[in-house]
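Asks: Spelled out, the chains give:
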Amino acid sequence: MLTVKFSGALKGENKLKWLAKVEVTLKKAILDPQGAAVESSLVTMGYDNVQQVRVGKYLELVLDAADRDKAAAQVEEMSKRLLSNPVIEDFSYIIQEAGA
Amino acid sequence: MKSGIVVFPGSNCDLDAYHLLRDVLNEEAEYIRHDAGSIGDVDLVILPGGFSYGDYLRSGAIARFSRIMPAVAEFAASGGLVLGICNGFQVLTEAGLLPGALIRNRHLQFRCSQVYLRVENTATPFTCAADRDNVLQIPIAHGDGSYYAPREILKDMEEKNQVLFRYVNSSGDITEEANPNGSIGNIAGVCNESGNVAGLMPHPERAGEKIMGSEDGLVIFRSLLQHLGKEGVGASV
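Going down the list, the sequences are from chains E and B. Positions 1 to 100 (this note's numbering) are the ones given, in order, by the first sequence. Positions 1 to 237 (this note's numbering) are the ones given, in order, by the second sequence.
Don't read these hints as lab results, they were simulated from the structure. Hints are not guaranteed to be accurate.
Not everything, but these chain B residues come out facing chain E in the computed CB check (under 7 Å) [what the hints assert, rightly or not]:
hint	residue
1	G54
2	R58
3	R104
4	R106
5	L108
6	I174
As the structure is a prediction and not an experimental result, all values here were calculated from the model. Each residue gets a CB set at the ideal place from its N, CA and C atoms; glycine is no exception.
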């Protein structure tokens, strides 16, 4: 399953760089007073077709990992342990090659 | 009673707790740095109020991974008494030592005022000197103090009497108006299942002298002294 894309990866030295984009949002069941305030402002501005505004967090991080799966596993773990609080928040992420 | 007060970068009520313990109650107290490896020989660990690590990401989220925290968790697991006040409460929930979470105040305002609390469970080391349905006047000062726990967790907590304090009016009634931050069930403070770890958003350490407007916060520290089997001295002068 583990495919080696670059010759150097075999030695475990030339790890690839990955860009993780993590979104953290309040669980649906939890009231979001910030979202409500933003929504109220948008409606006041005339965008009266707007509803259900939710404010979340967006984090970017670059990490070294041998492959995408390893990068994803680490981002998953970091999201559960620190980037989000599973009692009140959900998270999702995408992993992209970050280039050199 | 010997207390260890953990000092995180950004703690700012560490001195309030120290003053109350040392100067008002004449009890032993010392600071424990966030990067210390052990808590030493103490009867009580206090996680004080403040804005540890600037409250970045979430209140308490970064402090929860401080070097001292595994020692605090170990102390708690062995039955040691741990009290989290305000930011300290947030740290304890982030660390999973207390259930639930503290989120942004419903009205989005930082609320600094006197509130009334009702003691819901007087069978814990933190409340054993209080009368049932005692109404305490204690100040709050927080922006992220709205207590939340999922329904099934909350039900479990209620059954196990883990709710210690609720926001009430001066007559002791639970009302919407008496709730300063939108906390679910007007919850102001909780404890863990075994009752040796507690947290609350209000500041009992700031309500220990007449000059502060209320001495009602002393009941928590007198409870701890009573639980530990030592009489407090000094405060009744």
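Asks: Work down the list of hints and note, for each, if the structure agrees.
Replies: Hints versus structure:
1. Nearest Cβ of chain E to the Cβ of G54/B: about 15 Å, over the 7 Å cut. The hint is violated.
2. Below 7 Å, beta-carbon pairs count as interface contacts, and R58/B has one with chain E at about 6 Å; its hint therefore holds.
3. At about 6 Å, the closest approach between the beta carbon of R104/B and any beta carbon in chain E falls short of 7 Å, and the interface hint on this residue holds.
4. Taken as an interface hint, R106/B checks out: its beta carbon lies about 5 Å from the nearest beta carbon of chain E, inside 7 Å.
5. Below 7 Å, beta-carbon pairs count as interface contacts, and L108/B has one with chain E at about 5 Å; its hint therefore holds.
6. Because the closest C-beta pair between I174/B and chain E is about 19 Å apart, greater than 7 Å, the hint is violated.
The structure fails to meet hints 1 and 6 from the earlier list, while all remaining hints are met.
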